[in-house]
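Asks: Using the working numbering, you'd call the opening residue of the sequence shown number 262 and step up by one each time.
Hints are supplied without guarantee of correctness; some may be wrong.
[Said to hold, decoys possible] Across the chosen pairs, the derived CB separations fall in these ranges:
| # | residue 1 | residue 2 | range |
| --- | --- | --- | --- |
| 1 | Leu322 | Glu268 | 15 to 23 Å |
| 2 | Ala323 | Gln288 | 20 to 28 Å |
| 3 | Asp293 | Gly319 | 19 to 27 Å |
Just so you know, the hints here were simulated from the structure itself, not pulled from any lab data.
Even glycine gets a Cβ: it sits at the ideal position worked out from N, Cα and C.
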Amino acid sequence: MEEITAEEIAQHYSAAIDSVNLINTGQPADMDDTEWADCKARNVEHLKIMVAKDFMQGEDLAPLNAAIAA
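Build the full structure now, drawing on both the sequences and the hints.
Replies: What follows is the structure in structure tokens.
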């Protein structure tokens, strides 16, 4: 198994927080319902993948889990 650095973990966590922020902000005015549903589903899937990663277990996963549940 390949080792992951602290910097790489920070990058993954930052990308996950970007997904959280996008979900929490809600549907942009210029995006139709179908586009929003697809965008939200992709970001939720991303968060589920990140929460399942062993290297993420030392991070604060509460905002990720909350966005998944929303």
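Asks: Each hint: holds or not?
Replies: We went through each hint and held it up to the structure:
A hinted range of 15 to 23 Å holds for the C-beta pair Leu322 and Glu268, which are about 19 Å apart. Under the hint 20 to 28 Å, the C-beta atoms of Ala323 and Gln288, about 23 Å apart, fit the expected range. With their beta carbons about 39 Å apart, Asp293 and Gly319 fall outside the hinted range of 19 to 27 Å.
Figure legend: structure checked against the earlier numbered hints; the only hint not met is number 3.
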